[in-house]
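J.: Chains A and B supply the protein sequences, listed in that same order.
Heads up, the first sequence is in the numbering used here, so the first residue is 117 and it goes up one at a time.
Heads up, the second sequence is in the numbering used here, so the first residue is 544 and it goes up one at a time.
Hints are not guaranteed to be accurate.
Claimed, not checked - Here are the simulated DMTMM-like cross-link-like pairs (lysine to aspartate or glutamate), alpha carbons at most 20 Å apart as the crow flies:
| id | chain 1 | residue 1 | chain 2 | residue 2 |
| --- | --- | --- | --- | --- |
| 1 | B | K585 | A | E175 |
| 2 | B | K611 | A | D220 |
| 3 | A | K157 | B | E582 |
| 4 | B | K585 | A | D204 |
Note that these hints are calculated values from the structure, not bench results.
Remember, predicted model here, so these are calculated numbers, not experimental data.
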Amino acid sequence: GAVVSQHPSWVICKSGTSVKIECRSLDFQATTMFWYRQFPKQSLMLMATSNEGSKATYEQGVEKDKFLINHASLTLSTLTVTSAHPEDSSFYICSAPGLAMATDTQYFGPGTRLTVL
Amino acid sequence: GENVEQHPSTLSVQEGDSAVIKCTYSDSASNYFPWYKQELGKRPQLIIDIRSNVGEKKDQRIAVTLNKTAKHFSLHITETQPEDSAVYFCAARLPGGYQKVTFGTGTKLQVIP
Numbered sequence: 117g118a119v120v121s122q123h124p125s126w127v128i129c130k131s132g133t134s135v136k137i138e139c140r141s142l143d144f145q146a147t148t149m150f151w152y153r154q155f156p157k158q159s160l161m162l163m164a165t166s167n168e169g170s171k172a173t174y175e176q177g178v179e180k181d182k183f184l185i186n187h188a189s190l191t192l193s194t195l196t197v198t199s200a201h202p203e204d205s206s207f208y209i210c211s212a213p214g215l216a217m218a219t220d221t222q223y224f225g226p227g228t229r230l231t232v233l
Numbered sequence: 544g545e546n547v548e549q550h551p552s553t554l555s556v557q558e559g560d561s562a563v564i565k566c567t568y569s570d571s572a573s574n575y576f577p578w579y580k581q582e583l584g585k586r587p588q589l590i591i592d593i594r595s596n597v598g599e600k601k602d603q604r605i606a607v608t609l610n611k612t613a614k615h616f617s618l619h620i621t622e623t624q625p626e627d628s629a630v631y632f633c634a635a636r637l638p639g640g641y642q643k644v645t646f647g648t649g650t651k652l653q654v655i656p
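With the rest of the complex left out, here is chain A (with noise of 0.2 Å):
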């Protein structure tokens, strides 16, 4: 089946640094990618979606400058955490809808845990 990876698995960093996370696609192509946050006890909520070529929708209350996202290929999305704060550490899942597959199902990654100090 289809298969999402991530990159790292997860990261510490010091605050005011940026992190830079891996979504890959590895046996399919995805001109879509979603980023979502998850604090712990907490649900999924989806940042933004990320589309190949072009620049990513951000959802309301997502800060754009600080969450930069970049999908410069098919089988690659990547989520850059700019001037990371402690408020930051989460875990961060991506995932790639089944459209070129024609399936209903989202794909997800295993997650990156960011933990800030």
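Please arrange chain B on chain A, whose structure you already have, making use of the hints.
T.: Same frame as chain A, but now just chain B:
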């Protein structure tokens, strides 16, 4: 946009009993309703889904029912087992766009051996 509410937030059942989780959605145009199981620190896993043209769907011990008129859908797990313990999320999707889904708030299910 779509809004999905989910109840209860926590649910404890004895092994072998049934568990029911309920969700309501706000936009009657939503046409696809997946259910996910998420274990701690893991990605969500699709366990069952239903489209709006179907009222019920079953897969072994798991079933989902949909009431479009009331904008309700429910997950039913029968003969619960300890390995069913996890957080369950319902979701709803509007047609068109990029298959973006809106998640419910989650239910932590604990199956007591």
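J.: Each hint should be assessed against the structure and marked as holding or not.
T.: Hints and how they fare:
A distance of roughly 24 Å separates the Cα atoms of K585/B and E175/A; the hinted pair therefore is violated under the 20 Å criterion. Distance check on the hinted pair: K611/B and D220/A sit about 19 Å apart at the alpha-carbon level, within 20 Å; holds. Taking the CA atoms of K157/A and E582/B, the gap is near 11 Å; set against the 20 Å cutoff, the hint holds. Using a Cα cut-off of 20 Å, the hinted pair K585/B and D204/A holds, with the two alpha carbons roughly 19 Å apart.
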